[in-house]
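Just so you know, the sequences run in chain order A, B, C and D.
Numbers 1 to 355, taken from our numbering, label the letters of the first sequence in order.
Numbers 1 to 355, taken from our numbering, label the letters of the second sequence in order.
Numbers 1 to 355, taken from our numbering, label the letters of the third sequence in order.
Numbers 1 to 355, taken from our numbering, label the letters of the fourth sequence in order.
Don't take every hint at face value.
So, partial list: chain C residues that the calculated Cβ filter (under 7 Å) puts toward chain B [stated by the list, open to error]:
hint, residue
1, Glu17
2, Ser18
3, His19
4, Gly29
5, Leu68
6, Asp119
7, Ser149
8, Cys354
If you anchor each label on the Cβ, the simulated ranges turn out as follows [said to hold, decoys possible]:
hint, chain 1, residue 1, chain 2, residue 2, range
9, D, Gly212, C, Pro62, 45 to 51 Å
10, B, Gly265, C, Ser96, 52 to 58 Å
11, A, Asp39, B, Ala99, 51 to 57 Å
12, B, Ala165, A, Thr309, 35 to 41 Å
13, D, Gly116, C, Thr211, 44 to 50 Å
14, C, Pro304, D, Ala182, 48 to 54 Å
15, C, Lys183, D, Phe167, 38 to 44 Å
16, D, Gly159, C, Thr211, 26 to 32 Å
17, C, Tyr95, D, Gly212, 31 to 37 Å
FYI, nobody ran anything at the bench for these hints, they're computed from the structure.
Small disclaimer: the values here were computed from a predicted structure and weren't measured.
Glycine included, every Cβ here is placed at the ideal spot set by N, Cα and C.
There are 4 protein chains.
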Amino acid sequence: MSVNTFGRLLRFTTWGESHGPALGAVVDGCPPGLTISEDAIQPFLDARRPGQSKFTTQRQEPDRVRILSGVFEGRTTGTPISLMIENVDQRSKDYSEVAKAYRPGHADYAYDAKYGFRDYRGGGRSSARETAARVAAGGVARLVIPEVSILAYVSEIGGDAIDRANFDPAEITRNPFFCPDAKAAERWALLVDDVRKAGSSIGAVVECVATGVPVGWGAPLYGKLDADLAAAMMGINAVKGVEIGDGFAAARLTGEQNADPMRPGTSGPDFLANHAGGIAGGIATGQPVVVRAAFKPTSSILTPQPTVTREGEATELFTKGRHDPCVGIRGVPVVEAMMALVLADHKLLHRGQCG
Amino acid sequence: MSVNTFGRLLRFTTWGESHGPALGAVVDGCPPGLTISEDAIQPFLDARRPGQSKFTTQRQEPDRVRILSGVFEGRTTGTPISLMIENVDQRSKDYSEVAKAYRPGHADYAYDAKYGFRDYRGGGRSSARETAARVAAGGVARLVIPEVSILAYVSEIGGDAIDRANFDPAEITRNPFFCPDAKAAERWALLVDDVRKAGSSIGAVVECVATGVPVGWGAPLYGKLDADLAAAMMGINAVKGVEIGDGFAAARLTGEQNADPMRPGTSGPDFLANHAGGIAGGIATGQPVVVRAAFKPTSSILTPQPTVTREGEATELFTKGRHDPCVGIRGVPVVEAMMALVLADHKLLHRGQCG
Amino acid sequence: MSVNTFGRLLRFTTWGESHGPALGAVVDGCPPGLTISEDAIQPFLDARRPGQSKFTTQRQEPDRVRILSGVFEGRTTGTPISLMIENVDQRSKDYSEVAKAYRPGHADYAYDAKYGFRDYRGGGRSSARETAARVAAGGVARLVIPEVSILAYVSEIGGDAIDRANFDPAEITRNPFFCPDAKAAERWALLVDDVRKAGSSIGAVVECVATGVPVGWGAPLYGKLDADLAAAMMGINAVKGVEIGDGFAAARLTGEQNADPMRPGTSGPDFLANHAGGIAGGIATGQPVVVRAAFKPTSSILTPQPTVTREGEATELFTKGRHDPCVGIRGVPVVEAMMALVLADHKLLHRGQCG
Amino acid sequence: MSVNTFGRLLRFTTWGESHGPALGAVVDGCPPGLTISEDAIQPFLDARRPGQSKFTTQRQEPDRVRILSGVFEGRTTGTPISLMIENVDQRSKDYSEVAKAYRPGHADYAYDAKYGFRDYRGGGRSSARETAARVAAGGVARLVIPEVSILAYVSEIGGDAIDRANFDPAEITRNPFFCPDAKAAERWALLVDDVRKAGSSIGAVVECVATGVPVGWGAPLYGKLDADLAAAMMGINAVKGVEIGDGFAAARLTGEQNADPMRPGTSGPDFLANHAGGIAGGIATGQPVVVRAAFKPTSSILTPQPTVTREGEATELFTKGRHDPCVGIRGVPVVEAMMALVLADHKLLHRGQCG
C-alpha cells in the first residue's frame, strides 16, 4: 500500500517525484470563506527553498506555488485546493550508478524490494523535494488556525545545543540555521562549513512550539494530539526521533520533578511548569505545545561506502555533487507545516464532535 | 472527535473505562483460518497484569480475556474478533476529591475542558487499564505475523541504563522489570523500592526489537512504518518520546558515523550496521526494527501538588493508595502489542498493493 | 479485507455472529453530554425483534441491549459506547446439511470461496441478526440529531403498493407490517399469510423519510449524503436497490416534470416539489430526505433448489424451520437506524468543516 | 466536511472546478509495475468527451490527460499517479444571473447554504466536468484488473427501454447513445432530438456489467461490494437510483422466482440464474456483476422555473446556451470508471486480507 494522504477532516494528499515535471498537494476539507492567495503561501516555500546559503544544497528551485482549484474570488470555497509546484532545476546528471547500486542509508534498496523497481532519479518519491508540497499544504492549514502561533528552530546541530538563556526569536531569521541563539549560530557556521568542505554531513534537532492552542483539541486514544504529531514528524525525511515536552528527559525524572502543578489563573488554570509539552491524555492543555524532531545526518556523503548492486555484487558508492550538509536546517519549515496541519485537523475534529 | 480505532487493513477499536463493567477490543480485518484461542492470548495479558510484584500497582485484576466473535472451531473466520475483559477489582473508593479537583499531570483538566465533564473514577477512559485491550488485540496481531519475533524490555529506569555487554534475553522474564541485564535489575530493585516507599514515581525507557520483518513492509509517505510506529508508541499512556534506531543519538552523528553500509549476503544484502533501526524511507530494510519509547514517571505521587478545583479555586492533591511507581515496567507488553499490531497491518497492506 | 465499521466522525463497528454468545456495536465519536440509557435504546430493538407476529421468524430473542462503556451518570462522555446484545435462542439444530452444501441465494458459497471456510450456523456473520447491532447503534445516533424526525414504513409488498391517499403515520404501529395504509395492511395480511403457509417468501420496498434535516448537511463529492445513504441501505441484508427522491421514476421524466421550483419562504426558500428527495449535489436542501430500499424475498424457502456441495457434487437444499416470509418488514427499524447514523455523522462533519 | 477521496487501498482524490484552469485526480495505492501511458487512458476520456453529437452539450473540450507523477519508464512505480486535464473551453459568459439566483434542481442553494458562498461559474465543483477526473482515474483502475471486462450502456431513455432480444454489444459504439439495441437507438434519436429542440431534458438508465470478477472479492458488512458500488454510482452527478441485479424488480418476486440455483460446473458451481447480480452477502459470486443507475433529466432547461435570489426575492430562471438534453448518455463512461475503481479496490483489499 501507498499512503500519501494525511489528516482526518483536514486532509492533504501529496504527489510527485524529484525529477518529474511537477509535484503538488491536494488539500481537502478546508473550511470555506478563508482569505487565501498564492502570495500567502509562497513565503513558507521560500523559507524552505534550497540554495539560499552555502549550508544547504545548491539545487536552484524557484518553488513557485500555483493554486489550481478550491479558491474563488480570493477565498476558499470549501472544496479541494490543488497546489502545484513545478520542478525546474532537474540538472542533467548521470544516474546510471545509482540505478545499478543501492545508496547506503537511502531508501533505494527498500523501494526496489517493495515495488520491484524504482525511479532512481534524485531519490524519486523519497526525495526531500516532496516536502515542498507539505510546506504548501501547511500554508493552507495556517489559515485555519489564526489563533495559533507556530515557531520552529534548530535547537542543536551535531550535539551542540543552543543556550536557552540566549533565546531570541528575532534571531531565527537572521542566520542561515533558523537558530534562536546568535552565539550558537556562529559556532554552527564553523561546524557546518567544516562538514560541508569535508563532503560529510551532520545531524540536528528541530524544536517547534505552538502557542495559542486552546485546551480541548486532541482526542483519545488513537488520535491523540501527541500521537498524531509523532506520526507527522517521524514521517518527515531523515527524522529518527520525536519528543513531546520533556520527552526522553522525562524518563530520567521522578514524579515530583516532572510535575506540572496548577494554580488559579485568569482564564482557566495557570500551569507552573510544562514538562508535558502542552498535552495530557492526548488532549491539549492550553499550554504551549512543544515538539522536537531528531534529524539524522544525510546519507549522501563524499566518503565511499560499501554497498551492493541490484544484481547483488559488492561495490562502493559516494555522493557526487549537490547535497545538504545538514538536512535538519531545511527541516524547520517542514516541521512548522506539519505542526500546522495536525493542529488545524484537530481544530476541525474537536468542533465536529464537541461543537 | 474521538478516535478509538487504530490500523488500516488490520484495525482494532478499543472501548471501556477503568471502572465500568468491562473493557474490550474489536479486531477487524484479521486473515481467516488462523488457529486461535483465548489461551493463546491470555499469556500476553498475564505479562501485563498488575499486582505481580511490589514494583507495580497492587490492583488485583485477573484480566481474563473472552473471545465473543470471529472464531469458529478454533480458527479465525475473517470477521471481527470481539475481545472482552471484565473489570473485577473496582475497589470501593471515595472519588469525591478527584471529582472536584484536577490531578496535576493527569488528563483530568483536559477531559473536562474538552467534553464538559468526565468519568473521574480511576481515570476513566484515560486509565492505563485500557492498555489491557491493546494487549489482547496485539495477541491476535501476533498470529498474523508468525515470521516475526518481537522482544521488548526496559532498557533504562531513572537514567540508569542497562549494559549492552550484559544483554541476555533469557533474563527478561526472570526479574520483575523485564530487564535483560541481571545486574541492572538488581540496581533497579533498590531504586524502584526507594521510589515506592517514598510514594514517588520514576520514568523509564522501553526498547523493542522485531526480527524477521521482511524487506518491503511499510509505505511512503504518510503511512511510513516508522511514522506508524511513532504514533502507536506515542499513543501509549505516559509515553513522551519515540526513537527509531539511533533516534536522537543520530542527530549528534556525522554521515560517516551513521552509515549503514551493505555487502552481498546470502539472501539480499547484509548490513554492516543498523543505525536506521531497520527502516529506510518508511519501508522495512529486512534488518531488525528497533523502537524506543520514553515513559514519564506517573503523576500519581504522595507529595501534594498545587492544583485547582473545577470551580477554579486553589487546592492541593496527592495520590492515596495503589499506584505504579514505574509505569514503564508494565508498558513492556503494551509496546510489544503495538509493535505487533503495526507490523501485522503493514504485512496486509504490502500484500494488498504488491501482491 | 473485512470492513465492519461505518461512518466518519460518528463511527460504529459491529461484531458477532448468529450463533455466538453475543453480538454488539461500538459507537465512537458520539458528542459528550447527551442523556442516554439502555431504556432509550431498547424500544428500537423491540421494534426490530423477531417473533412478534406470524409474519416474521419465530426465533425468540429478548434482544436486551447493555451499555458497557462511554456513559457516566446517565450521559455520554464522548468516549466509545460499547453496546452488547446476548444471543439467547440459539435453538439446537442440525447444521450438517448447511455445512456441507451451499444454500442458493445465500452468501454461503461466497464466504467459503473468500475465507476458505465459514461459520455455517444460522448464516454466521451474514445473518440478519447482525442488524440488531445496527439498530442499537442507531439508537445512539438519534440522540445526536434531536432536530430530525425519522419515519420508515413498508410501502410495497410483492408489488402491491400503498395508496398515498390513505397515508396515515399513526397506522404504522397498528399493524404487523409497519404499513401506513390500513387497507394495504389488510391485503398484505392475506398475501403474506399465503406466502408463509406455502413456505415461500416475498419481496418488499421500505421507504424512509427524515424531516428537519437542515440545509447544508452533506458533502461533495465522494461523501455525498445520498451516496452515503445508498451505501448504508445497500449494506443491509437482502437490499438490492436504493432510490433517493423519485429514483428510477426520475429517469422516465423530462426536466420540466422533474423540476423542484422554489419561492420565497419564511426561513429560506419554499420548494414547490421534492423530486430530488431533499438532496442536491450531495447536500441536504432542507426538504424531507426521502430514501427507498428494495428488499428481495429471502432465499430461505421450502421448495428444494438445486445446488452444490463443498466438494462440488450436485444436491438439493430447502429451508426447514423458522424463517421470515418477508424480510423487508423487519428491515424497517434497520432502515431507520441507518438513516439516523448517516445523518448524525453528517451533522458532525458539517459542524467540523463549516463551524 | 468535504470528501473528495474514494476507495480504501486504491484511492483517488479529485479536484477542480468547471471554470478553473484545470481539474485532476491523484490515484494512490496503484500496484507497481503496470504498463501505463497517457495514450492508454485517453480513449476513456474521449468516450466521455462532450460535443461529439448533437445529443450532448456543445461545450468543446479536448480533455487531454497528462500524467504528472507515479510513472517511470512507462510503468507505475507504486507511488501516487497525478492526472491533470486542462479546462480549455471556458466560454466567456455572463454568470451574473446565476450568481444572484438559485437554479432549481441544481446544487446552487445547497452550496450557498453550506459554505456561505459558491463558485457559480458553470456549476463550480458540482459541475459534471469533474467526472472527467473520475474517468481518468478509472483508466488507471482498469490496469489493475485485467481479468475483468466492463461494459456499460444506456438501457432506457425516458421510459423507452431496450429490447434484450436485440442486445448487440458491437452496436454500443455505433450510435451516439451507447445503445446496444439498434432499433432503440433509432427511436431515441427522434425522442432526444425532440427534447433537445424543445430546450427540455430527459432521464435515462445506464446498465453496467462486469464479467470476470472472481468469486471472493468484496467484504462484509460495511464495505460490501454492492454497497460500495451503490455509493460509487449514487455519487455520480444526476444519479438518483441504483440497483444490483434485479434491484427493485426483486421486491416484487417470490423466493422461488428470485432463486439463483447452482449446479456443478467446471471451475466452481454454475449458476442457473443471476437475479443477485453477481453479489451475495456483499461478496462476488463469480457471476457477472450487474449494476444499474438512474439518471434524472438535467435541471438545465429552457422553460423558466420559479426560484429565489440569494436575497430571498422571487424570480425566474431558465438555462440559456449549451446543455446536455440527456446527461445519462455521457454517464456511461463514468459508470464504467466507477465500476473499475470499486473492483480494483476490492481486488487489493481481498488480496491484503486473504492473501
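Discussion item. Quick check: does the Cβ-Cβ distance between Gly265(B) and Ser96(C) fall within 52 to 58 Å?
Written reply: Once the Cβ atoms are compared, 53 Å apart, the range 52 to 58 Å for Ser96(C) and Gly265(B) holds.
Worksheet item: Given Glu17(C) was flagged as interface, is its beta-carbon under 7 Å from a beta-carbon of chain B?
Response: Given a least distance of 6 Å, the restraint on Glu17(C) holds.
Worksheet item: How does the Cβ-Cβ distance of Gly212(D) and Pro62(C) compare with 45 to 51 Å: does it lie in that range?
Response: 47 Å, holds
Practice prompt. Go ahead and decide if the range 51 to 57 Å is satisfied by the Cβ distance of Asp39(A) to Ala99(B).
Written response: 52 Å, holds
Practice prompt. Verify the interface restraint on His19(C): the C-beta must sit less than 7 Å from at least one C-beta of chain B.
Written response: 9 Å, violated
Discussion item. Range first: 38 to 44 Å. Now tell me if the beta carbons of Lys183(C) and Phe167(D) are that far apart.
Written reply: 41 Å, holds
Item to complete: Could you check if Cys354(C) really has its C-beta closer than 7 Å to a C-beta on chain B?
Response: 15 Å, violated
Discussion item. Assuming the hint says 35 to 41 Å, is it satisfied by the Cβ distance from Ala165(B) to Thr309(A) or not?
Written reply: 36 Å, holds
Worksheet item: Does the hinted range 44 to 50 Å hold for Gly116(D) and Thr211(C) at CB?
Response: Given range 44 to 50 Å: violated, Cβ gap about 25 Å.
Item to complete: Using the Cβ atoms, figure out if Pro304(C) sits within 48 to 54 Å of Ala182(D).
Response: 42 Å, violated
Worksheet item: At the C-beta level, are Tyr95(C) and Gly212(D) separated by a distance inside 31 to 37 Å?
Response: 33 Å, holds
Discussion item. Quick check on Leu68(C) please, does its C-beta sit within 7 Å of some C-beta on chain B?
Written reply: 5 Å, holds
In this structure, the earlier hints numbered 2, 3, 7, 8, 13, 14 are contradicted, and the remaining ones agree with it.
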